[in-house]
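S.K.: Residues per chain, in single letters:
Protein chains: 4
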Amino acid sequence: MARSDEPSKANLADRFRATRGLTLDLARPLSDADATLQPHPDASPAKWHLAHTTWFFETFILRDHVPGYRLHDEKWPFLFNSYYEGEGERQARACRGMISRPSLAEIAGYRVAVEETLLAALDSLSDEVKALVELGIQHEQQHQELFLTDILWTLSENPLDPAYLDGPPIAAGDAPALGWTTFAGGKVAIGTDAGEPFSYDCERPRHDTLLAPYALADRLVTQGEWAAFMLDGGYSTPSLWLSDGWAWVREKGIEAPKYWRRDEDNAWTRFTLAGRRPIEPSRPVTHVSYYEADAYARWAGARLPTEAEWEAAYADADPDAGTQLDTAAAVMPTGGTSPFGDCWQWTQSAYLPYPGFTPEEGTVGEYNGKFMCGQFVLKGASCATPRGHSRVTYRNFFYPQQRWQFTGVRLARNA
Amino acid sequence: MARSDEPSKANLADRFRATRGLTLDLARPLSDADATLQPHPDASPAKWHLAHTTWFFETFILRDHVPGYRLHDEKWPFLFNSYYEGEGERQARACRGMISRPSLAEIAGYRVAVEETLLAALDSLSDEVKALVELGIQHEQQHQELFLTDILWTLSENPLDPAYLDGPPIAAGDAPALGWTTFAGGKVAIGTDAGEPFSYDCERPRHDTLLAPYALADRLVTQGEWAAFMLDGGYSTPSLWLSDGWAWVREKGIEAPKYWRRDEDNAWTRFTLAGRRPIEPSRPVTHVSYYEADAYARWAGARLPTEAEWEAAYADADPDAGTQLDTAAAVMPTGGTSPFGDCWQWTQSAYLPYPGFTPEEGTVGEYNGKFMCGQFVLKGASCATPRGHSRVTYRNFFYPQQRWQFTGVRLARNA
Amino acid sequence: MARSDEPSKANLADRFRATRGLTLDLARPLSDADATLQPHPDASPAKWHLAHTTWFFETFILRDHVPGYRLHDEKWPFLFNSYYEGEGERQARACRGMISRPSLAEIAGYRVAVEETLLAALDSLSDEVKALVELGIQHEQQHQELFLTDILWTLSENPLDPAYLDGPPIAAGDAPALGWTTFAGGKVAIGTDAGEPFSYDCERPRHDTLLAPYALADRLVTQGEWAAFMLDGGYSTPSLWLSDGWAWVREKGIEAPKYWRRDEDNAWTRFTLAGRRPIEPSRPVTHVSYYEADAYARWAGARLPTEAEWEAAYADADPDAGTQLDTAAAVMPTGGTSPFGDCWQWTQSAYLPYPGFTPEEGTVGEYNGKFMCGQFVLKGASCATPRGHSRVTYRNFFYPQQRWQFTGVRLARNA
Amino acid sequence: MARSDEPSKANLADRFRATRGLTLDLARPLSDADATLQPHPDASPAKWHLAHTTWFFETFILRDHVPGYRLHDEKWPFLFNSYYEGEGERQARACRGMISRPSLAEIAGYRVAVEETLLAALDSLSDEVKALVELGIQHEQQHQELFLTDILWTLSENPLDPAYLDGPPIAAGDAPALGWTTFAGGKVAIGTDAGEPFSYDCERPRHDTLLAPYALADRLVTQGEWAAFMLDGGYSTPSLWLSDGWAWVREKGIEAPKYWRRDEDNAWTRFTLAGRRPIEPSRPVTHVSYYEADAYARWAGARLPTEAEWEAAYADADPDAGTQLDTAAAVMPTGGTSPFGDCWQWTQSAYLPYPGFTPEEGTVGEYNGKFMCGQFVLKGASCATPRGHSRVTYRNFFYPQQRWQFTGVRLARNA
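Heads up: the protein sequence lines correspond to chains F, R, X and Y, in order. Heads up: the first sequence runs through residues 32 to 446, numbered per my numbering. Heads up: the second sequence runs through residues 32 to 446, numbered per my numbering. Heads up: the third sequence runs through residues 32 to 446, numbered per my numbering. Heads up: the fourth sequence runs through residues 32 to 446, numbered per my numbering.
Be a bit skeptical, because a hint or two may be false.
Dumping the calculated DSBU-like pairs for lysine-lysine here, alpha-carbon to alpha-carbon at most 35 Å [to be verified]:
#: 1; chain 1: F; residue 1: K218; chain 2: R; residue 2: K401
#: 2; chain 1: X; residue 1: K218; chain 2: X; residue 2: K401
#: 3; chain 1: Y; residue 1: K218; chain 2: X; residue 2: K218
#: 4; chain 1: F; residue 1: K161; chain 2: F; residue 2: K106
#: 5; chain 1: F; residue 1: K283; chain 2: X; residue 2: K283
#: 6; chain 1: Y; residue 1: K283; chain 2: X; residue 2: K106
#: 7; chain 1: R; residue 1: K106; chain 2: R; residue 2: K218
#: 8; chain 1: Y; residue 1: K283; chain 2: R; residue 2: K401
#: 9; chain 1: X; residue 1: K283; chain 2: Y; residue 2: K218
#: 10; chain 1: Y; residue 1: K401; chain 2: R; residue 2: K283
#: 11; chain 1: R; residue 1: K283; chain 2: R; residue 2: K401
#: 12; chain 1: Y; residue 1: K401; chain 2: R; residue 2: K106
#: 13; chain 1: Y; residue 1: K106; chain 2: R; residue 2: K283
#: 14; chain 1: X; residue 1: K283; chain 2: R; residue 2: K283
#: 15; chain 1: F; residue 1: K106; chain 2: R; residue 2: K106
#: 16; chain 1: F; residue 1: K401; chain 2: F; residue 2: K283
#: 17; chain 1: Y; residue 1: K283; chain 2: Y; residue 2: K106
#: 18; chain 1: X; residue 1: K401; chain 2: Y; residue 2: K106
#: 19; chain 1: X; residue 1: K106; chain 2: F; residue 2: K283
Here chain F is said to cover these stretches of chain R; the calculated rule only asks that three of the stretch's residues, wherever they fall, bring their Cβ under 8 Å from a Cβ of chain F [as the list claims (entries may be wrong)]:
#: 20; segment: 114–121
#: 21; segment: 239–246
#: 22; segment: 271–284
#: 23; segment: 370–381
#: 24; segment: 403–415
Covered by chain Y, according to a simulated footprint, are these stretches of chain R (three or more residues, beta-carbon under 8 Å) [what the hints assert, rightly or not]:
#: 25; segment: 135–147
#: 26; segment: 189–198
Hints were generated in silico from the structure; no laboratory data involved. Even for Gly, the Cβ is constructed at its ideal location relative to N, Cα and C.
Work out the full structure: start from the sequences and follow the hints.
M.R.: Written out as structure tokens, the structure reads:
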């Protein structure tokens, strides 16, 4: 379906400004110290996200395409390159949390300097370079989501349970009963081709695939349902688990979703961007791994959808609907009827190349293809996804044990 | 294609005897000490394979279906269960190499006792239980292959380079130039359905899938070609590698296939079941990981085939052709035109359930489904696969870093 | 020898104020982010030192001995207890670096509040409790040294080489030739007894021991001498090393003192509190482990002194002389003739109880005795030791692989 | 005291034959597979002990001092050197357990060949080289003890609880009440000088030391007393433990001596060379670490002796008395009044050089000095020490967490 508010080249500058502004807004509740910490090698400091997204524009646009541009600081690219081998040596990922200097204020200054130079040059850039600006905006939107999930992890490591911001009121009651929607399957087309609207190389090309008839649940699995799974011994029944998943549960002592903790009275609570909260039974469960999602589905007599099933089912849904990120807030899932928003939904499809996949040329081509191994595709969008960033062909991907994103479960079954 | 020599129920006893006999033959070149060692948690002692395959028949047939049967030794199931959670606690996989007792001779006695009891009861078993005998034969054939790859690993850890048996003469010269065979693709059926001939649950059900036109190389990548890849900096060029693969290369210091070693003059040699041998340029390279296979294909301007491409291309090939295991020998790849034999061929397809997959009921259902995560499918058969065991629908699977099997590369490309 | 300026009970308040003031001065060059980071589980964040020394006074004096005192924050003891099992659960040592909140400013407020309450109550405290105040002052002085060595480690992890403060001019030239001072040995008394001046329990009781004649070098080993050791293959000659030391060198790839790094021209430089500096050949080498100190001594045809040799030799030296900490500065060794100052000197004596050792009663008794295993004694004082803190009976101790303190080498030999 | 049966040069050949014979006797109960396994990098395969002790004679006597000698196998020194850096590269210690070939029989042949050559040459050897033969005998005696403790560990890893040999009858009843013997201390001489009888370099030179009055328990701590310590929460009371010890208990989940296991009824039993046995309350506890010994002593209101206290107290005791190794048997402690035998006794003294210590010249000088770091001295002898090997000046040493030797506790206190 056509997105409700389609971006166009005309407003590239506006969207650049808006995206950059939202990122800075996300940082306002944080101190320099908050923004410096890294809770785990998988996550990054808030300050690093602010600088890395800026480095992307500085490197691939200003340095490469704006004559006479001089780097803001010659030593910073080493600090703020993420993983682009083509861009040379860089700070080890696991050591991003030791960079107390430059300060948050200095990085804000870096942001302003790069933004002003880029905006001044924007009209003079070729269409090809403008496409890189668009790529940079999409890239920064991805980091907005990571910013929130990473700071959630950071704050969760503090025994004082500090909140990022105040949260919404606590929801009472249960979710409506789970219903199923049936789809006929057959030959369906998924993926997309280059051109408007924006897409990543891994979503291409559009191609046909065959589906057997199937049904998808009409809402996400809730926290209340997850509590029932736990109560029924879900985490201690090996027959529910993949072999790797069971090994993970045993080795790590997993017994609940990430951020679920027992309080003084032994009741389960969860840590959120608004601090510690009770379980809200009607709201979607989040922060579960693929292993947990798969085990839950088996327990529920169902399975996870494939990527193609999900994409074919929701090809006409509005990707800008649902609970997604609009402004800096203690985002969390609320539940609803949109397939987009609340949380990313694990599929049983491995993240692999589509038939005919060709990586982007040059260093930016390192963006997707080299991660096509060992990860699973997630579809939809989460409460931390900037509204306007998602689309039905979007392929998010994580390793099966990762769960610091807002990841949840939509059930599927054969029809 | 119909297998050249189709098994039938009529000769179940014969095939049981033949399979059991070959396993024992494989053990003849080994001392009790050889057969006790475990080189790595991924591999198992030879003695353990002898006992575990026997435990399988004892447990699922004699214990469960032969009235009055008493266990050969009540304490042994703990030692020789592999991973069946439904069968209770067991020796940790990584500790299988500490079991010097029972001895090799005692385990040979266990084999004889179980075989005699089973053969005496065979006629009286129901068809359903006979199907379990068939499953046990297939299971033991898989372990024959592992027996050889595991003892190769074991012997390779000994600085004296001991040989399992004498090997074939060393081949001189180069392989014929690589040619390509083109396939039209379109809608093809892959997988199989329950019934004759034997299949594992993961190969089912037979289903249609769509393929774009493609081409496959008409022979495997050779040791000589691999040496050219190495000489061209293949192991030190990050842009050739998947991100996980590059991390693996760096962390483990990988610079050649497993078992390739430099000799005193710094020339590459390889350790084989016949001891240390020179590189044989015309023969297929083996003992490469998925990461290496994928990097090689990228270097060669090609890609790995998908599982469906491979299966559709060779649906009519004879699965009993090529270099496969016939008798105890220092097996190694020789090269040839059959798509079967020499080595298992990595595909770019993750090992995941087919549409409509249903695991086998009961404990034997733990056999395949629970491993559907993080592994890649390999097709074909290797020089260590017992002839008669393979078929075009067979789905072998390993993790992308594993390479102690006879694993190699057949290139593919879009047509 | 009587200390040049002996403290007395009369000036307890003054010394309390001075010590607390110096700690805060040490923090002034740091941002909140600098003060939050933890570079390694062995070290602690600067902010943590500020809070932990305050927690010590709050817990053992205000809470236990000032009627009606209410904790500044009930949740903070969990964060700022170091290792006192008797004081209950606490933040894991390796996780001290995830506490961005409370902020540096909030901890400064905590310091003021505890100081004011303690000073107001000081006159009313019993002599026994005043002794705890004295213990707290000594404890805080120890943490002043750790503050500096830990922030050095923290800043060293930043590729930008940030300086804590400006340093002294770079010294040119070489040190004077090494001379030896001979001592007769015989029966000597070491250690001390309870009472004035202050001592830790591990320094007691004073007792006799026998020494053979020996000689000590009249100055510390210099950076120039260490460079010669390196040039002579010191780090690659196994016969120079203890077995554990050689394993450490191999496993960690050690090839120079901690903080020594090659610059762009491959020349050795060193990271200091004043940022990156050249090697200064005349100045003492620091940041060497026991393993390195022992290997160097063997290379030099000498040995390390025993604790008793060192203590007997310098019983009459002024412990307040030499390069020690007076005010917040980028401290570093300068060299000189005092046995105190510049760097702690490794002895070949294990840190073990003296004959008749009795641990302090109560929770503060966890201070020393429980560490008497696997560590070596260091004597003297370093450039980061607050002047006034050291004494000849002082027993500093670290594990043989640790080297983030200002640790160096004074040679010894039999006479 | 003069040893009851003093060895002399006259019977060097006899003692060589006897020692070599006992080693081979120790191997008789083992299969080739038993003798090949290595349970942990700290321990070695039985076969390796047989070969390594032979390599010692072959290398340092036959190769270096017998003209025209040719190595039994040129590749074997790589396998059977232990840690002598001066003798070149060698099999990594942790990988000794992968050497199934040469077989036990081949190594027995190696033993015979070296023995015959050495005995034929013995009369012609210089006194200096004869001293190396004596060193080789002492060295082999040490390995006899390790042979037994290592095979105990190996067999303990087998869930079937296999016995090495049958054991003595199970002892009933309790030990006599613990008594104390008081010693005046003062100036005592410990250690020894070079010459007859044999000593290691680390025992030299004889030197004076000062002792305060002290008392030693008149028997070892028993299994019954240890059970009381466990019942009283000994393993869960942090104030009883050294800091490193408590970390070890927590990390490893230690709750009893090594080889103590609960049976099906949850009662404690222990694995021995005679298989699984009940706790025998009257007999000495063994297989405790330094950490445990130290914690037990603190719980008992006592302490561990120092090395000098132990040596001074028992200078006149017969080192050949008590329960020691005479012939191949399932040795275990029985208790008695001799300070020698049953088990090695932990002292609170670190293993460090005596004043004036000079390492042996040449490669054999790597024997002791390079281990003087991080280990504690044990005195006495154990049930696995070959009778005739021990002496009062003997310094055995292990790391504080190691406990696969027959290590136990004799209490001490100030008098």
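S.K.: Taking the hints in turn, state whether each one holds.
M.R.: Comparing the hints with the structure gives:
no.: 1; hint: K218/F / K401/R; result: holds (29 Å)
no.: 2; hint: K218/X / K401/X; result: holds (29 Å)
no.: 3; hint: K218/Y / K218/X; result: holds (10 Å)
no.: 4; hint: K161/F / K106/F; result: holds (27 Å)
no.: 5; hint: K283/F / K283/X; result: holds (28 Å)
no.: 6; hint: K283/Y / K106/X; result: holds (30 Å)
no.: 7; hint: K106/R / K218/R; result: violated (53 Å)
no.: 8; hint: K283/Y / K401/R; result: holds (31 Å)
no.: 9; hint: K283/X / K218/Y; result: violated (44 Å)
no.: 10; hint: K401/Y / K283/R; result: holds (31 Å)
no.: 11; hint: K283/R / K401/R; result: holds (28 Å)
no.: 12; hint: K401/Y / K106/R; result: violated (46 Å)
no.: 13; hint: K106/Y / K283/R; result: holds (27 Å)
no.: 14; hint: K283/X / K283/R; result: holds (16 Å)
no.: 15; hint: K106/F / K106/R; result: violated (65 Å)
no.: 16; hint: K401/F / K283/F; result: holds (28 Å)
no.: 17; hint: K283/Y / K106/Y; result: violated (39 Å)
no.: 18; hint: K401/X / K106/Y; result: violated (48 Å)
no.: 19; hint: K106/X / K283/F; result: holds (27 Å)
no.: 20; hint: 114–121; result: holds (count 3)
no.: 21; hint: 239–246; result: holds (count 5)
no.: 22; hint: 271–284; result: holds (count 6)
no.: 23; hint: 370–381; result: holds (count 3)
no.: 24; hint: 403–415; result: holds (count 3)
no.: 25; hint: 135–147; result: violated (count 1)
no.: 26; hint: 189–198; result: holds (count 4)
Going through the hint list in order, the structure does not satisfy hints 7, 9, 12, 15, 17, 18 and 25.
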